[in-house]
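Asks: Sequence:
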Amino acid sequence: MASLKWLLKRFKVVVSVLTLAFAVFLFWPPLRKRKMPVSSQHSDSAQRRQALEVNQSFIVQAPAGSGKTRLLIQRILSLLTIVEQPEQILALTFTRKAAHEMRERILGAFTQPESEDEQTATLVQQLKARSDYAEWQLEQCPSRLRIMTFDALNQSLVRRTPLHTEYGICPDIEEQLDELYREAAHQTLAWVEDKEAHGVAIRDYLKHQDNDYGRAHQLLAQMLAKRDQWLTQVVTGQRHSDLHHLLQQNVTLQIEQHLLAVRTALSPYFRAAELRLMAQAIEQLKANEQAHNLILCEQYQSLPPAELTALPAWLGLHQWFFTSGSVDNIDWRKRLDKSQGFAAPSEVKDKDEKNRRAQLKEEMNNLIATLKTLLTNEEITKFKELALLPQSPLEEQQAEFLDALAKVLLISVAELKLLFQRLGKVDYIEMAAAAQAALIHDEQVSDLSIALDYRIHHILVDEFQDTSFKQVELLHQLTQDWQPSDGRTLFFVGDPMQSIYRFRDAQIGLFIYCQTHGFNQLPLTVLTLSANYRSGEAVIDFVNDNIGPAFPTSSDLSVGAVTYAASEIANTSKAVGSVQWHCNYDSDVNQEAANVLAIIQRHQVQHPKASIAVLVRARSHLNEILPALKASAIPYQAVELDTLTAHQLSADLIALTKAMLFPADSLAWLSVLRAPWCGLTLKDLTLLTERTETSIRDTVLDLSPELISPSCRSRFQQLQQVLIEAYNTAWQPSFSRWVEGTWVALGGPISLPSDSQLDEAKLYFSTLAATPMAELYEFSKFERRLSKISLATPSPVDNPVQLMTIHRAKGLQFDTVIVPGLGRTPRTGDNPVLIVDEELAPNGRANLLMAPLPPKGETHSELYRYLKYLEQKRIDFEATRLLYVAATRAERELHLCATLSWHERKGGINPPSARSFLGLLWPTHEKFIETKLGQPSESQPTTLSHTVTSPQFERIPATWQRPKWREVESRDLMNNTVSKELEPPFDWASDLIRCVGIVVHQQLYRFALGTEEITREDRLNSIAILDVPYLLNQLGVTKENQQAGATLAKQALVNCVTDEVGQWLLSPHREGAAELALTSHLKPEIRRLVIDRTFVDEQDVRWIVDYKVSRHEGENLEGFLDQEQERYRTQLDLYGACMRTLDDREIRLGLYFPLMKAWRTWSYKS
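The opening position of the sequence shown corresponds to residue 1 in our numbering, with each subsequent residue numbered one higher.
If you are wondering where the hints come from, they were derived from the structure by calculation, not from laboratory data. Treat the hints with care, since some could be wrong.
Straight line, CA to CA, 16 Å or less: simulated EDC-like cross-link-like pairs of lysine to aspartate or glutamate [stated by the list, open to error]:
1. 417 <-> 174
2. 128 <-> 114
3. 1157 <-> 1097
4. 1165 <-> 1144
All values reported here derive from a predicted model rather than from experimental measurement.
I would like the entire structure built from these sequences, with the hints used as guidance.
Replies: Printed below as a string of structure tokens:
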């Protein structure tokens, strides 16, 4: 008994101690553990933990808001704790922004692990220990984290193998090379008179295009822009057989896959009784001598096989069940008669026969009812689509054209490649092809591939649903020898429901295929996340309940159909939020814009710090909204929508800039003469072109004003005088100020209708001043720079309303999202001259399909109609995903705006188009919207504080008196705060030498790129194939001077490559940079500087070098070089002063003269 009391006493003490300890644990922060991440409270927490198992490969489906980036970072951190070197991990993204964000978040976790969730903080501590032990120094060397885009990976592969790429030195990548595509197409068609095979193929090609050169040229240029989709298979087709044979095989495979899907769906419902029913219908058809393809089914014991030869029998089965018409209008048969093999009971008197016929009809009706009920919508659609399948894969005329086209395409690719080699620049497609050539050389695995196979142990891919066939092929080559048990892993993460980039060749089917089949030899464990950390409960429920049902119920890889995966709220502490509808009738055209305006104004009052975004499917959906925001002075940022180049003012300024930069550009000069400051009539412009023998500019300067129409004569005279005075002071004090002064003297500011346009002009000229001359001479680069400048309101704030397309919004999130234009349908495209389609074959590889538009006057082929239908189907499926992306950007509130029409005769709302967003939501919201809207009222239309007017043909008054040039030249025209760096006057430098200098600078910039040594032979090869006359022609050099300029340019480049000093300047160095752009804040003004070459040498000295393409043909070379050094001393001292603010090392300045192999240096002194 005593022992029992003792035990009870002890037990009470233990309980008291535990209670006290628990209280301390709860209320004393130093002992309390970090709060568990929210994900641990949800159904996908086990899958998130499993994703960090470093010995397994995974493919993770991560819906919107599920914390995909955090999971990727945790996976990288986990892998870093087990690898020997950080470089063994390769993480691939699609944008530089995403790669930068991922790297910054990893490095940020290093410095502030306490701000991360518990899982991430634990991994960071483990990684720090690993990094310290291995001396990785990741914080000091973040580049050891190999997080990059696919394009950056391609470029790095090409730089490592210059010999395999046929370029010698890694070329520059240009985003837009439409001019080169057109030039290659032009060079290709120039072979038309060739008597060999080239000429025959091109003549056949032109014949099919009705000898329409413009159409044939346009098609070739378009095909070159997307040659990654067809080049490999066209080359294969030409190597082994004619292209049309390859396409026939691919079309046959496509048809048989379709038949197999239909057969699989129908087989469970065609048992003995149904087959007997079909046999009896066939007997009746034969007895009645009815021509029906169903009779072809009698040769089979069951349903026809999934073979091309059985397609007519399948069409008979389709005709038996469905009415005729397009797929959208086809319906199940409601009336059965003798044309389907069902004789009317009323035609006979025999009771047994009458009952038999009635029984057969009843059985058929029951079979139709069963199929309607038990088949999925997708299976019924597949069945209906049998009528679209081409019965003949390729018609004879198509086959002949495609064989000719294949030869022409290969010629055009060869011409394009020559242009690439001559100019030293390529597009992303060529860079990707060169990277694959670096990995597989002469159909053998290259040394680089073997080296990478040894070095890379783990590959992670973000947004895997957006990969293309070429990108997946690159991954195949990188992992071709990986085995499931060798410790190397793949980690693919993405969301098929957010695949909205088909226009960039994203292949959503690849994600689904890898979920089912794995990747190469590696099995992939499939994980699906469901927790949504972004949105409130109302938004999540709306997406699950209303957008989810709009998704297909089964996946179809061939048309990009993916099923919906529901989400659940992860953070219950978030506000519930709301989803609100704003509907109106189309009788009031301004109401939808007024609704958007009211939502924004209300939210800015109620939640001034909350972010608001207006997301649109097409830019035109903002046509009424943008002016309304401007008129109401609501600050906004229109990302890539309201851009500088979208306005007529910019078009006029671009024309003036091009005309003064390229005097021989006739189109630019005609635009200048048509602009408001001159305003010539079309008759006057025609007169000018007819009188032009040299150039439009020279004709303008020499033409008598009396020949111009009286209404324009005064402005033309003033333009002549301005141009004469401008050319007397050409390029002074800088090119941008020269152009700006010309515009002011012409009366440009007077022609502007509002002060806001004056702000646009200031923005244009500040951009022009900040652009290096080398970029201006490749004018398309400058135009792309302008196209990326978005116009904001005059009084920007920290939190403007964001206006953007849904595509642009992917990856972003906002407190409130407004989606206008739900009832609008996208513009349908014209019939393409050639449909090129890449289908996902059963083996996961690309299956090329092509169908040409027939000559004028002929009907479309079956294959053309079928491929066009498939493309439209993919667009429709992507529209559902686009709506999903728009809705899931909202954190708290989602506002949906729609305009509908009223049917007077029927007395109800007209159903929206099935291809509109509202059409997708109509099945779940029809009754709600009808109740909410009611009947249209007779109220007055909504008025906004702006009006949309047609553009007017603006002209400055004929009585306006221009300022004198010296008055213009002497004042700060547009109050620019940024000006181009002023070089000393080039009294000796003609236009030819200036253009030669630009070409030399461009090539020396290429030579100095990269971190690996490039041999002299590679550089000399690049110089040999460089098409300098073409480059000089692009810069406006006349044809008679191009050869002399090319000789000088190549001499300068060869000298630089063979000279000891030149080789040293171009060699890889620490902290090396070429064409380094800096902005100097040194007094008296802000200046834009571009340093040709800078680096740190072995003695830790910072070098700043400027190339000068100067010539000296007389004696006393040393004296000339001394003069040049004094001429440019101020310029280089300014470079040194700017660099001193960034670098405390000793600075040496240098001038290098490649034409003379001469070198002048001196120390920079503060």
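Asks: Indicate, hint by hint, whether the structure satisfies it.
Replies: Hints and how they fare:
1. A threshold of 16 Å between alpha carbons decides the hint, and for residue 417 with residue 174 the separation of about 14 Å falls inside it, so the pair holds.
2. Of the supplied pair hints, the one linking residue 128 and residue 114 holds, its CA atoms being roughly 14 Å apart against a limit of 16 Å.
3. In summary, the hint linking residue 1157 to residue 1097 is not supported, as the alpha carbons are separated by about 21 Å, beyond the 16 Å threshold.
4. Between the alpha carbons of residue 1165 and residue 1144 the distance comes to roughly 12 Å, so the proposed pair stays at or under 16 Å and holds.
When held up to the earlier numbered hints, the structure conflicts with hint 3 and nothing else.
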